[in-house]
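*Asks:* Residue strings, one per chain:
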Amino acid sequence: MAARPLLEVRDLEAWYGESHVLHGVTLSVGEGETVTLIGRNGAGKTTTLRAIVGILRKRKGVIRLGDRDLMALAAHRVARAGLGYVPEERGIFASLNVEENLLLPPHVADGGMSVEDIYRLFPNLLERRKSPGTKLSGGEQQMLAIARILRTGARVLLLDEPTEGLAPVIVQRIGEVIRTLKSLGYTILLVEQNFRFAAKLADRFYVMEDGKVIDGFRADELSAKSEVLHAYLGV
Amino acid sequence: MTTTTSAPAAPAKIASGRSGELLTALGVLALLLAAPFLFYPVFVMKVLCFALFAAAFNLLIGFVGLLSFGHAAFFGTGAYIAAHAAKVWHLDPLVAVVLGGLGGGVLGLAVGFLAIKRKGIYFSMITLALSQMVFFIAVQAPFTGGEDGIQGIPRGHLFGFIDLNEPLPMYGFVLAIFVFGMFALWRIVHSPFGQILKAIRDNEARAISLGYDVARYKLIAFVISAAVAAAAGGAKSLVFQLASLTDITWQMSGEVILITLLGGIGTILGPVVGAVIVITLENYLATLDVPVTVLIGGIFVACVLLFRRGIVGEIEHWLARR
Amino acid sequence: MTTIFGVPAAALYGQILIGLINGSFYALLSLGLAVIFGLLNVINFAHGALYMLGAFTAWLGLQYFGLNYWAALVVVPIVVGLFGIVIERLALRRISGLDPLYGLLLTFGLTLVIEGLFRYWYGSSGQPYAPPPQLTGGVNLGFMFLPIYRGWVVIASVIVCFATWYVIERTRLGAYLRAATENPALVKAFGINVPLLITLTYAGGVALAGFAGVLAAPIYQVSPLMGSNLIIVVFAVVVVGGMGSILGAIVTGYLLGVLEGLTKVFYPPASAIVIFVVMAVVLLVRPAGLFGRGD
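Residue numbers (numbering that gives the first Met the number 0), protein chains in the order written: chain Y, 0 to 234; chain A, 0 to 321; chain Z, 0 to 294.
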């Protein structure tokens, strides 16, 4: 683990209206690391991501990206600190075609992939670039959701359940994409229900329950921890 | 068993709420009985008519969550029909007002039937557009008297022997209509029917899933609201002995919204308080060289930005928090 | 003399032209309403008052600053747009997230203030505004006499409507706007300044109303109440078209304008209400509107 984490979240609390949903989340992701948040439905994984990117505004605690204090930024400035966000259910816009969806997120840093690179990585998107975004299959939409943040130059990616509701073949393909991103040095915070999928990708894991991080371990501790994990996840 | 001790408290609280309402109602009634001796009777009668009009409007916005932007159509139609009944058919003033209310109810059935096909903001636009259509018809129809309106409407003799040309009997007549109308609306709001309306207001999808025919409930509420608004318009036409295009304009629809918003949407007393303030303001401003609509518009903006609960709503909120 | 369905052909064409002109204003205004509603969730009642403000600004500019018509076509939408920015920042922003009905009420209040002030200052009667010398006179098209200014109004409105459509449907800025209409929170999370986009959208929408006001000045009298009666008809147009589609708003505007013109030929007394009747029929047959996608 890097000495100084790139993304650092400390004692994060958050509220949906009156209901208190995060009760002190602490986690960190080092540069180039892939870290997975696991936990049952409703544990607060998605909420944690939404609080980090600033969609959820009612929150307190510490969120830092490198030297930047993300808590202090307006919602539309968070991404410009270098974050790329792939939301739950992909967030593809129906009134935009594939290419417009791809070009939507603004550049936040130099060194993003070019549109040509992206089409080389995801040839399907090139074929269907003039179709409305939501006319794509679920798997293609997921590729599009990932592809569009690779263009922005963000080096820290927040992926919220990229495999949800997809066929095994597609899940495998997304696993390959994430592995490629990892090898390219991206820093990834992944939320995943599909533990078997995450187990093969992540360097470290955090377990969430009731709005808190209750445990954390490295990939090489997996086998030793499998008993505890079964208890946490109820699998 | 600690929970049982708190259980009887709830009905007691409701009962005290009810008796509080009753006390307030008696207080207001006492004030209204004294009012013609303290103020110019025609002014108080105007307040009563507009308060009833606003209370009818409030049934929709406050208890069903429907913002009608065309209630002047019913107010004006009631005024025209009552005027025609009194002047041309020489009917008893009470019959004239009742006919006005019925006419407004029938129009409400047609307008409501169309408007409830859409929700929210579209509902408002549809009611506004349809009321504008009624306005254009009123401009062209022969019996409304066009720009002149129907003037010199005889107030007549109630039941054939109470001369309404005298201020006090006329006041009593208007007060009786007001009290009856307010009582009817109060009963509706507190009836099982009213509970269903509020359920629709709070969560329409849930009301549908519970098996209520939401469209029918909305339509019934709309017709009642239109009929009461029209009766208020009928009474107003007898008070001023005039029914004119002013009664049916979109500005009038805006005025009743303002009265309700200022007084407090969804409160029983709000429309009355709002009517007192708005009518008083208009009366005073008419004598000054200040454009009335500018001030009315300013109050509108202030209400929406600063106190959306309205005067009565803010007071109730404050009392509830203490 | 040629007649069509017993009506002199020249009268028929004349009314169709008037219908197209009215339709031009319906289209320009309902387009602005639809764009604003899409992003802000506000039905801008003040749209009519801002159209009036546009016409008055053109008139005042000519009276006091010698601002000619062509300059007014550019300057007035900017002035009205700036005024829109003030409205959005000071008032509409504070009620965002509330029930859209409050937006309607707020802009209704603003309408009363704006119209009341102009009526106080200039009275209710109309002020004449001469068309520019380049557009006076008319041409004989063979089947009818076409006053040049009226032809210009139709052409100018079509161009502006098309340009607006193009910006929204075919440019990067338009993509931001469409995306933010669908999911503002996500668009913000991508790093797009949605609050600014909202301000610009409102300003752009009301600038269209200001532009329509300048176009209208030489045709109708410039009067404080010219906007409010129009806006109610435009509401009906919006209900007929449904606010889901930009192109739908434009097409519905022209169609209903022409229909109104035709009614004036065949049954004049109904011409004031025909659009409302169409609205009622559409509500019965297709409640979501011709191009609508439901509530």
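None of these hints come from the bench; they were simulated from the model. For each residue, glycine too, the CB sits at the ideal point set by N, CA and C. Check the hints yourself; a few may be wrong.
Claimed, not checked - If you want a taste of the chain A side facing chain Z, the calculated C-beta under 8 angstroms gives, among others:
1) L93
2) V97
3) L101
4) G119
5) I125
6) Q131
7) M132
8) I136
9) L241
10) T245
11) Y283
12) A285
13) L287
14) P290
15) I295
16) V303
*Asks:* Output the numbers, in ascending order, of every earlier hint that fails for this structure.
*Replies:* 1, 2, 3, 9, 10, 11, 12, 13
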